[in-house]
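A.B. asks: Letter by letter, the chains look like this.
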Amino acid sequence: MEAAAGGGCGSGPPLLLSEGEQQCYSELFARCAAAGAAGGGPGSGPPEAARAVPSAATAAAGPVADLFRASQLPAETLHQITELCGAKRVGYFGPTQFYIALKLIAAAQSGLPVRIESIKCELPLPRFLMSKTDAEIRFGNPTELHGTKVQIPYLITEKNTFKRMDDEDKQQETQSPTMSPLASPPSSPPHYQRVPLSHAYGKLRSNTEQMHPAPYEARQPLVQPEGPSSGAPGTKPPRHQASLIRSFSVEREPQDNNSNYPDEPWRITEEQREYYVNQFRSLQPDPSSFISGSVAKNFFTKSKLSIPELSYIWELSDADCDGALTLPEFCAAFHLIVARKNGYPLPEGLPPTLQTEYLQAAFPKPKRECALFDSYSESMPANQQPRDLNRMEKLSVKDMADFPVPTQDVTSDDKQGLKSTVDEALPKDVSEDPATSKDSNSLKARPRSRSYSSTSIEEAMKRGEDPPTPPPRPQKTHSRASSLDLNKVFQPSVPATKSGLLPPPPALPPRPCPSQSEQAPEAEIHPQLNRAPSQAAESSPAKKDIPYSQPPSKPIRRKFRPENPATENQDTSTAVGGPATAAAVKPHAAVQKQSSKQKKAIQTAIRKNKEANAVLARLNSELQQQLKEVHQERIALENQLEQLRPVTVL
Amino acid sequence: MNYPLYIRSAPTENELKFHYMVHTSLDVVDEKISAMGKALVDQRELYLGLLYPTEDYKVYGYVTNSKVKFVMVVDSSNTALRDNEIRSMFRKLHNSYTDVMCNPFYNPGDRIQSRAFDSMVTSMMIQVC
Numbered sequence: 001m002e003a004a005a006g007g008g009c010g011s012g013p014p015l016l017l018s019e020g021e022q023q024c025y026s027e028l029f030a031r032c033a034a035a036g037a038a039g040g041g042p043g044s045g046p047p048e049a050a051r052a053v054p055s056a057a058t059a060a061a062g063p064v065a066d067l068f069r070a071s072q073l074p075a076e077t078l079h080q081i082t083e084l085c086g087a088k089r090v091g092y093f094g095p096t097q098f099y100i101a102l103k104l105i106a107a108a109q110s111g112l113p114v115r116i117e118s119i120k121c122e123l124p125l126p127r128f129l130m131s132k133t134d135a136e137i138r139f140g141n142p143t144e145l146h147g148t149k150v151q152i153p154y155l156i157t158e159k160n161t162f163k164r165m166d167d168e169d170k171q172q173e174t175q176s177p178t179m180s181p182l183a184s185p186p187s188s189p190p191h192y193q194r195v196p197l198s199h200a201y202g203k204l205r206s207n208t209e210q211m212h213p214a215p216y217e218a219r220q221p222l223v224q225p226e227g228p229s230s231g232a233p234g235t236k237p238p239r240h241q242a243s244l245i246r247s248f249s250v251e252r253e254p255q256d257n258n259s260n261y262p263d264e265p266w267r268i269t270e271e272q273r274e275y276y277v278n279q280f281r282s283l284q285p286d287p288s289s290f291i292s293g294s295v296a297k298n299f300f301t302k303s304k305l306s307i308p309e310l311s312y313i314w315e316l317s318d319a320d321c322d323g324a325l326t327l328p329e330f331c332a333a334f335h336l337i338v339a340r341k342n343g344y345p346l347p348e349g350l351p352p353t354l355q356t357e358y359l360q361a362a363f364p365k366p367k368r369e370c371a372l373f374d375s376y377s378e379s380m381p382a383n384q385q386p387r388d389l390n391r392m393e394k395l396s397v398k399d400m401a402d403f404p405v406p407t408q409d410v411t412s413d414d415k416q417g418l419k420s421t422v423d424e425a426l427p428k429d430v431s432e433d434p435a436t437s438k439d440s441n442s443l444k445a446r447p448r449s450r451s452y453s454s455t456s457i458e459e460a461m462k463r464g465e466d467p468p469t470p471p472p473r474p475q476k477t478h479s480r481a482s483s484l485d486l487n488k489v490f491q492p493s494v495p496a497t498k499s500g501l502l503p504p505p506p507a508l509p510p511r512p513c514p515s516q517s518e519q520a521p522e523a524e525i526h527p528q529l530n531r532a533p534s535q536a537a538e539s540s541p542a543k544k545d546i547p548y549s550q551p552p553s554k555p556i557r558r559k560f561r562p563e564n565p566a567t568e569n570q571d572t573s574t575a576v577g578g579p580a581t582a583a584a585v586k587p588h589a590a591v592q593k594q595s596s597k598q599k600k601a602i603q604t605a606i607r608k609n610k611e612a613n614a615v616l617a618r619l620n621s622e623l624q625q626q627l628k629e630v631h632q633e634r635i636a637l638e639n640q641l642e643q644l645r646p647v648t649v650l
Numbered sequence: 001m002n003y004p005l006y007i008r009s010a011p012t013e014n015e016l017k018f019h020y021m022v023h024t025s026l027d028v029v030d031e032k033i034s035a036m037g038k039a040l041v042d043q044r045e046l047y048l049g050l051l052y053p054t055e056d057y058k059v060y061g062y063v064t065n066s067k068v069k070f071v072m073v074v075d076s077s078n079t080a081l082r083d084n085e086i087r088s089m090f091r092k093l094h095n096s097y098t099d100v101m102c103n104p105f106y107n108p109g110d111r112i113q114s115r116a117f118d119s120m121v122t123s124m125m126i127q128v129c
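Going down the list, the protein sequences come from chains W and X. According to my numbering, the residues represented by the first sequence are 1 to 650, in order. According to my numbering, the residues represented by the second sequence are 1 to 129, in order.
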């Protein structure tokens, strides 16, 4: 490209720079050159000119050395780089050398060996950490130096106008934390520790929708928006444009600057936190207890990271090494996974922002939510079940089409009145925090329902993690509400697995309809119905349908008729006479009704089984938890024993 | 199964010799635990002490209740090492090992690739050597 071509003293292989890199490098070069007050530097010219024809310029050694030091590479690496790029050979940093050096810095920071070959591949931009004093001392007012282009790097420092990336949900930025501007407008000294850069800018221009881990960038300590705004006034338009494009949020976390953590990628935002908490709840309803190792393993395995990496992430995040993850530990682990998936290398140690104490201090919200939920549910046991059902209806209507059918059927059949009364409770419920609403539904793992703000990172994760656990049914036989009449109302639909048979509906009056042959099966059924209470335990599967609430039972009764033609014929105890034809007519009329009732019955049976499944699954997880705890105790006891054992000499 | 879950040598020359010594000492360990473990498991000492001295080295052994064996080879010339220290080193190893086990992604029987474990072992070796 033109960089190499422009260099009159081009040495080494031709350099291929991407557009972003070109801008970045040319700015840096210009800055170095100008700051060094080299005479024919491109300082006066517009950066385009500088970019296009850097041939005559040289970058002064001083600022260049500072820049290289700011890249935070070890000294010998920098040595190597300077040697390789040819500056030593030719004695000065021409544009070619400078660009090669920058590329090598980028390579070294990415972990590649410092070789000429390294720069041939696509690299992120080199990262420089500039301190304020350097910036101030070294570089004059950039407005003097360059035109608009140069200001672009600074722009982040500026603006509160930066919108949050998180609007598009979290991860937009390019993955590498980008280069901080070398110079700042002198009036706006401090702000950057890491300031995302024109590289990001360039990339964003091309693709603003990328998912990147750098909402962390957004949160950087550059957040002193008031400061830099005064600097470099003339450059507003491109900066502004870039700011819109880049939409970093500066105002979002001003406290970051105060805390001055350099590890921005490891900072968890509010949305992320919420998401993690929701996921935690999906695995473990109680936010104050922990997720067992196996559960977490299954969950994190879905993220499709390699096992050693997951193992390492676990090691980092399980601070107390107990084989289980509390909520802060879980958030940290999740965050590390997210970061890893977005290309960040895993840290050597747990970053301070991810440590348990920090997370607990910074985000007490989940406990609050939990408390809210608890108090709420405690105070309203009466409405819980219908509310649950209704809410489940709503949620399921939103997301999963299969559930509404049985619930709505049952609801409509059984709780017409109740439904109206709780309807006003509903909007309030649904407007609750989705986490708590889901909690009260005790619906696990409805990833789609949870993503009210469907973030692309969430989607990306969900693709990997969909669905962690099968959604349990809302517990209609909820312990709190067990005393409720509602339970009994529902129990007709939850017979066999749960509580056995209810007192069956009173024996249906024999159909007055003319069919005597009907009476035969009716008589058959009635004894069955009558027998049901006495034989609650022995209900046949067919009879399971009977104890359903009144309306279904009638059609079921009808259903039995065609199902039991044999019994019809058999049981001729009652006078059979006459209206066999009427009997024949009735089945036809009732066929459709029967099939729909059949379907309803089947669906309710399915639901019951699923509830049973859910209960068993929960029991299983609790037992596993206990097993894990016992295991831990055992290990602790082993250790104690070993310590207490008297020293024996062999 | 007598394959190593983790093996590390400080002076990296002659590494194979150390590997060999560790392997052969497994027999001694087995002998000791079978001899001692006749009655109840409780009576069995986890720390096995000096397994056997060779010309330059002393070999210490330790076995956990789950039959995972730790073998340590130290230089005989390192007289500063006392029995207590060896014991404490084994205790640390055991603790780190249980931490590794707590990781759900670790399958028992895999090689140990935990960085925490590595760093602990490194620190121990540095302290001794």
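Treat the hints with care, since some could be wrong.
[Stated by the list, open to error] Under the rule of at most 30 Å between Cα atoms (straight-line distance), these lysine-lysine pairs were calculated in the DSBU-like manner: (1) X:K69 to W:K628; (2) X:K92 to X:K69; (3) W:K628 to W:K302; (4) X:K92 to W:K297; (5) W:K599 to X:K58; (6) W:K297 to X:K32; (7) X:K32 to X:K67.
[Claimed, not checked] Beta-carbon label-pair distances, calculated as ranges: (8) W:I602 to X:V68: 28 to 36 Å; (9) X:E13 to W:N298: 41 to 49 Å; (10) W:P308 to X:Y52: 35 to 43 Å; (11) W:K599 to X:N65: 25 to 33 Å; (12) X:E55 to W:L346: 43 to 51 Å.
It is worth saying that the hints were derived from the structure and are not from the lab. Glycine included, C-beta positions come from ideal geometry on N, C-alpha and C.
A.B. asks: Look at the Cβ atoms of I602 of chain W and V68 of chain X and judge whether their distance stays inside 28 to 36 Å.
C.D. replies: violated (53 Å)
A.B. asks: So if I understand the rule, the pair passes when the alpha-carbon distance is 30 Å or less; does K297 of chain W with K32 of chain X pass?
C.D. replies: Roughly 38 Å between the alpha carbons, so the hint for K297 of chain W and K32 of chain X is violated.
A.B. asks: K599 of chain W and K58 of chain X were given as a pair; does the straight-line alpha-carbon distance stay at or below 30 Å?
C.D. replies: violated (77 Å)
A.B. asks: So does P308 of chain W sit 35 to 43 Å from Y52 of chain X, Cβ to Cβ?
C.D. replies: Holds, at about 36 Å.
A.B. asks: Given the hint that K32 of chain X pairs with K67 of chain X, test it: the Cα-Cα distance must not exceed 30 Å.
C.D. replies: This hinted pair holds, its Cα atoms lying about 12 Å apart.
A.B. asks: Quickly compare the C-alpha distance for K69 of chain X and K628 of chain W to 30 Å and report which way the hint goes.
C.D. replies: OK: K69 of chain X and K628 of chain W at ~23 Å, within 30 Å.
A.B. asks: At the C-beta level, are E13 of chain X and N298 of chain W separated by a distance inside 41 to 49 Å?
C.D. replies: holds (45 Å)
A.B. asks: Between the alpha carbons of K92 of chain X and K297 of chain W, is the straight-line distance 30 Å or under?
C.D. replies: Holds: K92 of chain X and K297 of chain W sit about 26 Å apart, inside 30 Å.
A.B. asks: Indicate whether the distance between the beta carbons of E55 of chain X and L346 of chain W respects the range 43 to 51 Å.
C.D. replies: Cβ of E55 of chain X to Cβ of L346 of chain W: about 44 Å, so the range 43 to 51 Å holds.
A.B. asks: Per the hint of 25 to 33 Å, is the separation of the Cβ atoms of K599 of chain W and N65 of chain X within bounds?
C.D. replies: violated (57 Å)
A.B. asks: Quick one, are K628 of chain W and K302 of chain W close enough, alpha carbons at most 30 Å?
C.D. replies: holds (22 Å)
A.B. asks: With a cut-off of 30 Å on the C-alpha distance, tell me whether K92 of chain X and K69 of chain X pass.
C.D. replies: Distance ~14 Å between K92 of chain X and K69 of chain X Cα, so the pair holds.
Of the hints listed earlier, those the structure fails to meet are numbers 5, 6, 8, 11, in rising order.
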